[in-house]
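Visitor: Since chain A is already given, all that's left is putting chain B on it; use the hints.
There are 2 protein chains.
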Amino acid sequence: MEPFVKFTGASGLMEQPDNVVIRKMSDMAAAYADSQKARQWIENGDPVVYEMLEALVPQAAGELMFCTTRINPGTVGREYFMTKGHYHEDPTTAEIYYTVSGRGILLAETKDRRHVALEMRKGSIIHVEPGWAHRTYNTGEEPLVFLAVYPANAGHDYRTIEQEGFAHTVVKGDNGPVVVKTSTLR
Amino acid sequence: MEPFVKFTGASGLMEQPDNVVIRKMSDMAAAYADSQKARQWIENGDPVVYEMLEALVPQAAGELMFCTTRINPGTVGREYFMTKGHYHEDPTTAEIYYTVSGRGILLAETKDRRHVALEMRKGSIIHVEPGWAHRTYNTGEEPLVFLAVYPANAGHDYRTIEQEGFAHTVVKGDNGPVVVKTSTLR
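Chains as they are written, first to last, in the numbering used here: chain A, 84 to 269; chain B, 84 to 269.
Since the hints were made in silico from the structure, they are not lab data.
Please read these numbers as outputs of a predicted model, since none were measured by experiment.
The list treats identical chains as one, so a pair stands whether inside a single copy or across any two.
No farther apart than 30 Å at their CA atoms in a straight line, the calculated lysine-lysine pairs in the DSBU-like style are these:
1. Lys89 <-> Lys194
2. Lys120 <-> Lys194
3. Lys107 <-> Lys255
4. Lys205 <-> Lys89
5. Lys205 <-> Lys255
6. Lys205 <-> Lys167
7. Lys107 <-> Lys120
8. Lys89 <-> Lys264
9. Lys205 <-> Lys264
10. Lys255 <-> Lys89
11. Lys167 <-> Lys89
Looking at chain A on its own, in the form it has when it is part of the complex (with noise of 0.2 Å):
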């Protein structure tokens, strides 16, 4: 492969994609902690809540994969609409985010439940150390586009999240979003 570029148009996603992901409400919807919410949004016409538009490199380690990603606003109950999130394969393997526009939240986690959550505006880079779950919240009424980059043998583990969930999640306060005990909202 030569070097390459893709560009992003006015709303800062990639043109001419490799590879399109969509997640509608009814793909996560046990996501979050208010199923009959999360049932409601699905027979409201399953919106969806966020794509990723990807660039496909040679899968090696040393090598880097790219995506960006728009996440639609919205909650479900007081939570607001994210990603699945997911732990990479391999746990030697970094990640990092930058905010293209819109307001978000990142909520990191170890599997022994220590929890970050970090801020997302436009300019801010997110560095997260290897072995920590992620997801990201938009926490605004614009979407919440970013860029993300990763070795490309990092390997998604969409499984042990959908399996045992994170520990805590971003819920709309009356000042804004707020970190809060997954377990305080079932």
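Guide: Leaving out everything else, chain B in the frame of chain A:
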């Protein structure tokens, strides 16, 4: 380490970097084909050509380093202000460039002198394939600001470029930037 965030200001450059590298004309005069013009720049105030603001992370495989760079506008003769350029010491490692503002060109070259010139403008995402030397030029009238992400164990080989140079470079033409063979300028 825990996950962390670095914010960028209106300039697009990292606030509170862990390390700052400033490259003045006198640090890299030999990079330019017109050594007399480079000397004139040094005698007339020795301007900053570019600065890199870095965040430090552990130097381990799987870890990702990132930095924001600003290249000031200007030319040395017809050659645009540019970075020193480097190979990675680990030839299996890639790099990603995200352009925050300004206009530029990323020039990439292999050891057997194949080259690729890629356009940098707001939102462009460049993937530099492992094994390709790379250098960026500010071809606009404003600062060129970009984010770079690379494996923390990549290592920077500047010396090969200092000794052998690039076979191609980017100059100001009548209708915008033009890639030429460096040998035609000396």
